[in-house]
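Protein chains: 2
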Amino acid sequence: MRRKPNEKSLIQKIERAFGNKRPSRLVLALGDDAALWAETRGSELILTCDWFLEGTHFLRGKHPADAVGWKCLARAVSDVAAMGGAPQCFLMSLALPEEFTGKWLDGFLRGLRRASKALGCELAGGDTTRHEKVLISIAVAGEAARGAALRRSGAAAGDAVFVSGTLGEAQLGLRELCRVRGIARGGSAALRKHLYPWPRLELGQWLAKNRLASAMMDVSDGLSTDLPRLCAASGVGARIYADSLPVSALTDLQDARRLALHGGDDYELLFSVSKQNVHRIPREFQGLQLTRIGEITRERKILLTEGEKTVPFESGGWDPFRKE
Amino acid sequence: MRRKPNEKSLIQKIERAFGNKRPSRLVLALGDDAALWAETRGSELILTCDWFLEGTHFLRGKHPADAVGWKCLARAVSDVAAMGGAPQCFLMSLALPEEFTGKWLDGFLRGLRRASKALGCELAGGDTTRHEKVLISIAVAGEAARGAALRRSGAAAGDAVFVSGTLGEAQLGLRELCRVRGIARGGSAALRKHLYPWPRLELGQWLAKNRLASAMMDVSDGLSTDLPRLCAASGVGARIYADSLPVSALTDLQDARRLALHGGDDYELLFSVSKQNVHRIPREFQGLQLTRIGEITRERKILLTEGEKTVPFESGGWDPFRKE
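Going down the list, the protein sequences come from chains A and B.
Quick note: the first sequence, position 38, residue 38 per my numbering, numbers continuous.
Quick note: the second sequence, position 281, residue 281 per my numbering, numbers continuous.
Don't take every hint at face value.
Which copy is meant is left open, so a pair is good if it fits within one copy or across any two.
Under the rule of at most 20 Å between Cα atoms (straight-line distance), these lysine to aspartate or glutamate pairs were calculated in the EDC-like manner [what the hints assert, rightly or not]:
1. Lys8 to Glu314
2. Lys8 to Asp221
3. Lys309 to Asp221
Derived by calculation from the structure, the hints in this document are not laboratory data.
Predicted model only: the values in this text are computed from it and were never measured.
Sequences are here, hints too, so could you generate the full structure?
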């Protein structure tokens, strides 16, 4: 007979999954009112939080539990990558239906633990409660040397605009997921990118350490939504060349280009580089493609050049308050 | 004609409410991928997060929006008080129905901003999305001198057990709230304590700084749930004297005592003090009553002595996974 879950048994399951070792900086983790983390002089703490909600960010009958665990942490850590920092530890607010506290929770914790190890981000603490839907909020603390973190606000007219990897593949993976019956298992590279995104930590840290980027952010809601954010923060505009976009080879060009412009969930890095630094950006960084897709302009407009035609670049990315 | 809300307008409303001043430690707040906070050597960061969910922690038709704003932050900050630390900044994950992005959000931000100022805890960043219910998760970063934070695990047999303020009043306030028709306005001291709890920051910091407590936590789920947690963390038991409990004068003694034992949401501090330090604990600290309610025992049982009778102290506080 299965014992009824209570908050204590749920917390114990989480504590077992994450062990009780003590890394040097995380002085106290789990089981107290709060966690303790040792500060050092000359560093800046990078703080960010992200929702991961059933029905909004994942689907109950489609996303495997371990992908939910992986992705909820990976996407929050991507914000640390976007500042050029190194993740340190995270807090997890988790709300679950009672029937999700068994096998589903085991799978979820497996994925979360794998992400925690792979990304070097320790579980520091959290809060658990019951809810009719799965609700997750992850807060991550990362770190960068003082003054080294890359912001959205440093782009200047004449800078080149770069993006890592390919754009639109995660959206293509979501399309594949919606065609699959039941929980997705296996699948194409696009589906894997949708389910198990990798934050570009090494690239972000390298750009920050070597002061190569003038501004940076991660592409989470789609290029057409995120690029205007970087430009607004910097008080500039941009011109993007459709022909140069690193699109997916897994669909036809027109579709791939549309996905690259508006698809979300890629967690690639979008960054601007001053003229004098452009030659220092390689075509590949540790096997990850880096592509120059346009330039920053003085005029505060976002333009898209496609062959001979230049048009205003309309935001078509994801906004939770826009009706589909 | 009211413009349709989108994520950008929602974020702008939040940014307007919280201004754009830059306190010394919060190097970068709002509007980027993450916030930046300057570390110092010799300090420990205190990290904690708390849910505040419609239907679980507050009721749509009962709790005023500004009380939701106040309380979601105050209860998370209470965990920093429970470590003896000083709050620094917070992250807010906020999900709202579209019809809550107008007047309700204004009231919510008013209460949140008031708590932020009163508790000295700046908004560093957050994540917003749409949801059919109001969902809030608050992550707080506090600070304490290295080694000074008070944990749950330091209580030893023979220590005296103290609690601040009175217990059970917030639960009494909740009872009053449920009797009121519609949104609560005004009300008794008990209702105010339920709606606008004050974390015991000054007391916590004083106890930590002067190394007066051997263990400490805040009473958020009720004494009968929280005291066993402190005892389990310390590997000890406790004996509590019902006659000495600081109960509310707003109801009859039997009811007040039951509320003091099992009522949640008081956010008072529960702490143990070694024999040699007991005389240093005043009956009042800055107008806040401090009451000795029992002692820590070697035997790992929690006992309640009521007159001549001693009984095991059954947990009757709040557990989200227990069916009512």
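Structure-based check of each hint:
For the identical chains of this complex, Lys8 and Glu314 are inter-copy neighbours only, at 15 Å across copies versus 49 Å inside a copy, given an alpha-carbon limit of 20 Å. Taking CA atoms no more than 20 Å apart as the test, Lys8 paired with Asp221 passes between copies only; the shortest distance there is 13 Å, against 37 Å inside one copy. With identical chains, the CA atoms of Lys309 and Asp221 are never at most 20 Å apart, being 25 Å at best within one copy and 63 Å at best between copies.
The structure fails to meet hint 3 from the earlier list, while all remaining hints are met.
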